[in-house]
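**Student:** Everything in the sequence shown is counted per this note's numbering, starting at 45 for the first residue and increasing by one.
If you are wondering where the hints come from, they were derived from the structure by calculation, not from laboratory data.
A few of these clues could be false.
Simulated restraints, written as ranges between beta carbons of each label pair [unchecked claim]: (1) L89 - A149: 18 to 24 Å; (2) G456 - Q360: 35 to 41 Å; (3) V90 - I238: 32 to 38 Å.
All figures in this text were calculated on a predicted structure; none of them were measured in a lab.
Built from N, CA and C at the ideal position, the CB exists for glycine as well.
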Amino acid sequence: MHTHPEETQAGTKGEGPTPRAASYGPDSGSRWFGLWDGYFAISYLVTVILLFTSAESQTHRALSVGALTLIVPWYAGLGRRLMMNRSRHRQSAVFSVGLFVLFAAAGLLDLAASFALFAVVPMLMMSLSTPPAIVLVVLANLWPVTVVWLQGGEFDPHILSVLPISLLGIALSVLLGLWITRVVRQSTDRAELIAELRRSREREAQLSHQAGISAERERLAREIHDTLAQSLTSIIGLVQAAESDVAAHPERARSRLGLAGRVAQDSLGEARGFVSALTPPPLRESSLVQAVHRQADLLQEETGLVVRCTARGEEQPLPMAVSVVLLRSAQEAFANVRKHARGARRVEVLVAYAPDAVRLVVRDDGPGFVPDTSPDVPRDAAGGGQSGFGLRGMRARVEEIGGMAQVSSGPGTGTVIEVSVPLGPVGQEPDDE
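Please construct the entire structure, taking both the sequences and the accompanying hints into account.
**Tutor:** Below, the structure is given as structure tokens:
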């Protein structure tokens, strides 16, 4: 896996460690190489002990131990880092050649140093690519035989009997080196996969967090529009009407101010409810039909319109999410009547229960509007555009629980808002939210 040098130093600001840094941290390659370091140390100590017990002269033994000892800093300072990073460049070749030279020198001085093959062969296999590594491994295994031949001064036929053992050693060394190399590669690849999975989980968690923030903002925007904004509009209208009646009709002014106070109290309860994601106050101790009926009565008191609220079918308990959506849809429909149904005289409200669905219909006999090309943005009969956020929010709420919202209108024909929500598994799922 090729990585540019600048990528191995530090990641992009704010992105944490780079893949290379994460792959070869304490939890991956270093852990495995801790075991390998122990194996290397044991091989070195055993070889030194064998050298101290060999029959060679003291000078040869000391020089052989010195050559083997030089392998330790050579490995610690250069080879270990190259093997951990699986580097395959000039430094790896330099390390491997230096390792072979030191081993050859130690074996030439004292043949007992050949025991170091148990550590030298795996290091050659881990440092080089397979073809050159096998060449050096074969040379290292044939080196003791070559030393015996050189020290004898002439070809000894006995060497031929030793060659099969050397060839077996070569085969075992290559197999051992290939196995160790494969273990290192698998360990490193596994570490890279774990690091990638960790980064994927972090990205997923970040995206989920952002999606949650967006969803919560959308929820609060809908709640504010359906509760506080509509209530404030009603309060402003009632206060303005009371101001105009305070001199000529003080009783009527007091009545409107009292109604404004009730709306303000209800709004305060709504605000506390949606901030803490609780059940709306109108639904806490009553059914959907009763809550819609109270909202219809409030509309009649505020506007003086004739508001008729009826229920059809056998009333049944509804999931709280369904009840909230239908109540908010009714509130949005009533808000549209207050703002846009100028000249209307009558409003019909219907809550219809069926075995598999519940339906809310709000119909007024106002001037109506001309629907825009986008169904979310209505236009009144005069052609003036109106904000469609309320209708968009209503549709979004209904679609979240698998329902459907329709708005029908035309100049002089009034407006009909119809919301239908299924009561099967789709309609029951939101109750767990």
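**Student:** Quick one: which hint numbers does this structure break? Sort them smallest to largest.
**Tutor:** The structure breaks none of the hints.
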